[in-house]
Amino acid sequence: MKRFRRHGQESHRDRIKQELYGFNKTVEHGFPHQPSALVFSPSLQLLAIGTRSGAIKLYGAPGVEFMGLHDENAAVTQVHFLPQQVDLVTLLDDNSLHMWTLRAHQGVSELLEIGRFTLTGPPGAPPSVTRVTAVLTHSSGDLLFLGTEGGHVFVVEVPGFRELEESNISLENVTNSLPEDYGGRRSLEHVESLQENPVNPRQVLIGYGRGIMVIWDLERQSAIKHIPATQQLESVWWTEDGDHVLSSHSDGSYCRWMVAGEGTQSEQEKSEVPYGHFPCKAISKIIQLPTEQGPPFLFLSGGMPRASYGDRHCISVIHSKTHVALDFTSRIIDFFVIRDGPDYTGDPSALVVLVEEELVVIDLQTEGWPVIQTPYLVPLHCSAITCSHHVSAIPLKLWEKVLSAGALQNTHYSKKPWPITGGQNLSPDAPQRDLLLTGHEDGTVRFWDASGVCLYPMYKLSTAGVFLTDAEPNDNMNQCTEGEWPPFRKVGCFDPYSDDPRLGVQKIHLCKYSGYLTVAGTAGQILVLELNDEAAEQTVEATVADLLQGQEGFRWKGHTRLEVKEEPVMFPPGFQPFALVQCQPPAVVTALTLHSDWKLVTFGTSHGFGLYDYQQKSNVLVRCTLNPSDQLAMEGPLSRVKSIKKSLRQSFRRIRRSRVSLRKHHVNNAAKVQEANARLEAELAEMELAPVQRKIAARSSDDSFTGLVRMLYFADTFLSDSSHHTPSLWAGTNGGSVFAYQLRLPPVERRAEDPVTAHPAKEIQLMHRAPVVGIVVLDGLGSPLPEPLEVAHDLARSADMQGCHQLLVISEEQFKVFTLPKVSAKMKLKLTAIDGSRVRRVGVAWFGSSRSEDYGESGLTVLTNQGDLHVVSLPGVKLQVQYPCIRREDVSGIASCVFTKHGQGFYLISPSEFERFSLSARCVVEPRSLVEVPSQTPSTTLPRAQPDGPSVEHRNSTRDTDDVAVLQEIQKSLEGYQPTFLENNVKSALAGGKVLTNGD
Amino acid sequence: MNKNHRVPSNRTLGAVEVKSKFGAEFRRFSLDRFKPGRFDEFYRLLQHMHRIPNVDLLVGYADVHGDLLPINNDDNYRKAISVADPVLRLFLQRKEEADYSAFGLDSLTRPKKTVLAAMLLRPDANRKKPPVIISLPRDFRPVSSIIDVDILPETHRRVRLYKHGQEKPLGFYIRDGSSVRVTPQGLEKVPGIFISRMVPGGLAEGTGLLAVNDEVLEVNGIEVQAKSLDQVTDMMIANSHNLIVTVKPANQRNNIVRSGGGGAASRSSGHSSDSGTSFYGYSSPGTAVATTPAHIIQNFHPEELESDEDDEDLVVEVDGEAVPIPRASSASCTIPFIPRYVPHLDLRTTNEALASRNNAGSLGTLSTADRSLEGRSLEEDGTVITL
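Protein sequence lines, in the order shown, are assigned to chains A and B. Position 443 of the first sequence, counting from 1, maps to 443 under UniProt numbering, and the rest follow consecutively. Position 197 of the second sequence, counting from 1, maps to 197 under UniProt numbering, and the rest follow consecutively.
Calculated from the structure, these hints are not laboratory results. The structure displayed is predicted, hence computed values, not measured ones. A couple of the hints might just be wrong.
What follows is a set of in silico ranges between Cβ atoms, one per label pair, in the way DEER data are often shown [stated by the list, open to error]:
{"hint": "1", "chain 1": "A", "residue 1": "Asn168", "chain 2": "B", "residue 2": "Val182", "range": "52 to 62 Å"}
{"hint": "2", "chain 1": "A", "residue 1": "Pro884", "chain 2": "B", "residue 2": "Arg181", "range": "50 to 60 Å"}
{"hint": "3", "chain 1": "A", "residue 1": "Gly550", "chain 2": "B", "residue 2": "Lys95", "range": "46 to 56 Å"}
{"hint": "4", "chain 1": "B", "residue 1": "Arg181", "chain 2": "A", "residue 2": "Gln373", "range": "56 to 66 Å"}
C-beta atoms are modelled at their ideal positions from N, C-alpha and C, and glycine is treated no differently.
So here's chain A without its partners, still in its complex pose (with noise of 0.2 Å):
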């Protein structure tokens, strides 16, 4: 009985801990890394990217987000949607196809794979002739033509993935249907495109590599005109009403053929090298599109003069007079154009354009074409992500204002609603307001909005202007001059290069209460900023704080301080620094923590700490920690070893952008550099590695980096004696010492005259010696103290001075709570002993029940080097839940994991997106949305769509049908087609169970 009772009282927490969490990884935040293809549905007014790690994701309206991962590893060359269908086709690098769709379940959408094809040649044929090169999703929505390197034209039956092999268009035959002199003995090469004759579903224009053009008949099944273009083919694009056919070529030309006219040869009317003269390079893409009066709208990409601007990315738009070419900042993956109208067949409103970093809209509508702001797929890394900081529920006030010093800076953005507006967004309104700042290498913090799905920016703080540097503020050589050739415009923020890397930020603590702001960066420096409403002029002053205290000894092998400005500058409305430390020697700022209310900033290097009263601006306390063995901390910065791996691998990846995008195909070659580009990481990953064997030996005092400061803290606790409580200070360094420090304030009235002072009171030497990650005070009842000014928003309780505090201290090996004021250790949690991990990030989470409202615990909330997160029990330090959540080999993803205080973190996926996770099981921020399949035809005025109706009923009754019959299903069905809106609603119901009806 006894066993069974404990079984119970076992089962009853188990409940309680399945109330409190569950993890979950809810959304990506961000930019795709490495993206390799984009599409565009008109009629579900979906997004849909693919990256070259395999990943698809699709973007609605805000908020409206799809995620899906192929099994296989290998890069996603092309995307299509199937028209007027909530499916989408993938081609990956590995020559398979995969078929993907929305599928509503419990009111919600979610992407599912629901097929996948490759492509099978006859028996001994070369690879190549099964090489998928060019897809058309034809306009039947149920048929696709994989065009292939070998020259073929293969038919297909989606979604079931069933070759039609007679409809097939095999090289052979339309060799044969050109005239000798332009068949010639030459290959046609490759398929290059394929369209579609907008107004005739029946013609599909195959365009081959080297330059012929052939409008096909499918009913016919022959050749009934060819476009005999003679330079190597990049793009093809038949214009909207079937007149006429644009390609574009490698030598940067581009042509118009007339095609409706009888005759089986087009007339070429018009031939132009937009950037002529000298040689250019090619236009991968052309697009013209109408517009109701007027001049139609023509969109190139590429087509540069290759001598003079063949390193530029741009996109030129031409229309009437207006020529602009937009230089971007990154290779140009491909671009579309949204347009008006109810069937969205209006005029052009706006061109979107996805690069390899970044996803740019121009609103084509507004004076100067301006750039709309991304609600979505933002570029986190326009600068390099250093470091991120994350504050959950900010006051309304606090939010206005960040919000409105931020309206101010994107005054250039276009004030037009975000034109992709795809799916309903079913998520709830975020519960609260949270904001994400990340800091970068160049010296900005970044506000994002982080309470709901979409990370929105809010707001970019740049710390640069406090300082001197080498850039001139206005050296933009790309300022447009008058009569420019070409009429470049830069677009896009996407700008990875730093002008001082001392900028960087390293840390950064904001009090949400009081608008109070610190920044610590690479050399040294601390910023303290306030909020401002009003643009000021001031200077900032400067305090240098000397971490060595006179050690001797010592060498700085490192950079320089940074030099201040010493005229007043101008800072805009929005954070304004009123107050600098310098740490002398100008080491990276290691641990930063502000306190509001005592109005104190301390910080912390590798070479000690220091206290610094921000009101007076002095110095208050200057501790130096380090050993004098330890002969790295002594000479330079942290990241020099580093920095010789990461300017390595930039010149890498610079190398690899170079010869990218030469050719068309710049997938399959970018696929291969990168490939080895990859193995050549690995191969230095390995070295790095060896040798492969593990010394064991204790910790010992001599180790590297001892004195490095990893965490501060304020606590207002028993520190001597356990009838008063004092403000403390608590430092803990890497080599397992937390040194405490008993602050003296002044009375409120004499607070701006009389000085601070800070007493030590104690200090432990962890025997272990692990770094200290985490020091948190717990108050009588053992909960976390809460944070300043909390308790006097009435936002918290405030702590329990009856009962006795304790201490946690979290090493990276142990969990450890202390007694306080007389610090003798009460119990402890060995995690490294037991299973070989150790602390990486560790956060104090509030847990609401999932169950009841008022039921919730706190908790460590705990990433480990393995990837793992547990949540450890408070004030019990108990391990409570575990799960695996970062691969341990990514180590980038583990150092910049951020905690929420609800149980949710981030950390980064790729240097361009944080994924987004919860452990709490009443805490889910996650994607919730709805997309309904298209009800109408596109249009009755164009008449391209073929009634579904036919097909559905072969479908369902030809299981059993050679593959003769049915073709002639379908080519009866193309020739009879008869738009009924019925039919189309019949067959939009059966959406559903489409998958399963193919005769198979």
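Go by the hints and put chain B onto chain A.
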């Protein structure tokens, strides 16, 4: 004890010549070989002869092999008299400053005078290759032991290394490798962790229980299977104060019954799978020192090993009192900013550099105290035996 071990050449003589040395002074006297009397009488006689009536003494004698052996009871007193050949050479030491390390036995392979010389010259504890020495039985402290012989398969060995806060490194390296396991599907190659290198003079090498290419199966009772090399490294380091490693020795020949030679060891446990303790090298028969190496711990449970040794975190309070954390043994330290603390032990740590900056305060001082602590605990606990 084998009294007929060696026949003294002049046993017909009734008197035993005694040459007693205390400090720099010698005393000579004689005893009746056949009526030696009791040890306490002999002890008082020595005090009287040297005129040190109130000094506690440690009495040792040199036996025929040149080993310095203690005289502290009637048995070994009588033995000492019986083997005197013809001179009984005694060495007296003050108990409080006794150098236990001088006691020990030596095999005949070693030059006779080594131990004596070692003692007379006040041997440097830091010498690279200390002679094989042995302390008084009550001062034995294990540096390693084989545990759980009754529950482990014979092919495995569970070794416990006692670090005791000494400076000596654990002294081995581990690597990744693969081993062959028998599974229901037949033989299977699985990744494993192996000892790759032993540091000469390190604790691990000294025990003789671990060897290169031994496969590491467990660390402190936790299987290392499916753990990465780095994880296992971290586990070992985190447990370094009390490390228990279960290995599958590369050399399986030592697993079988050990007979004869290891008399002392096999006596302690009649179990056939016992492969000896840290003392198994002990092979001199008929020695006067009775060693009882009963450090074989049976039925090992990981939780029992939850040693508090790593709880000896140092806490320094502001009032300058050296306050050890409760449960800590003898941890003591001073606050760094009050240079009152003077290491009161004859430490040979390299503190010259640190001493100069005591006033600056900070970790430097802390580590001074820290090392002094380690040094003292070493002395208090007596000499650690290394074989």
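Against the structure, the hints:
A hinted range of 52 to 62 Å for the beta carbons of A/Asn168 and B/Val182 is consistent with their spacing of about 56 Å. Range check, A/Pro884 to B/Arg181: about 25 Å between beta-carbon atoms, so the 50 to 60 Å window is missed. Between A/Gly550 and B/Lys95 the CB atoms are about 47 Å apart, so this pair conforms to the stated range of 46 to 56 Å. Checked against the hint of 56 to 66 Å, the pair B/Arg181 and A/Gln373 passes, with Cβ atoms roughly 59 Å apart.
Of the numbered hints stated above, the single one contradicted by the structure is hint 2.
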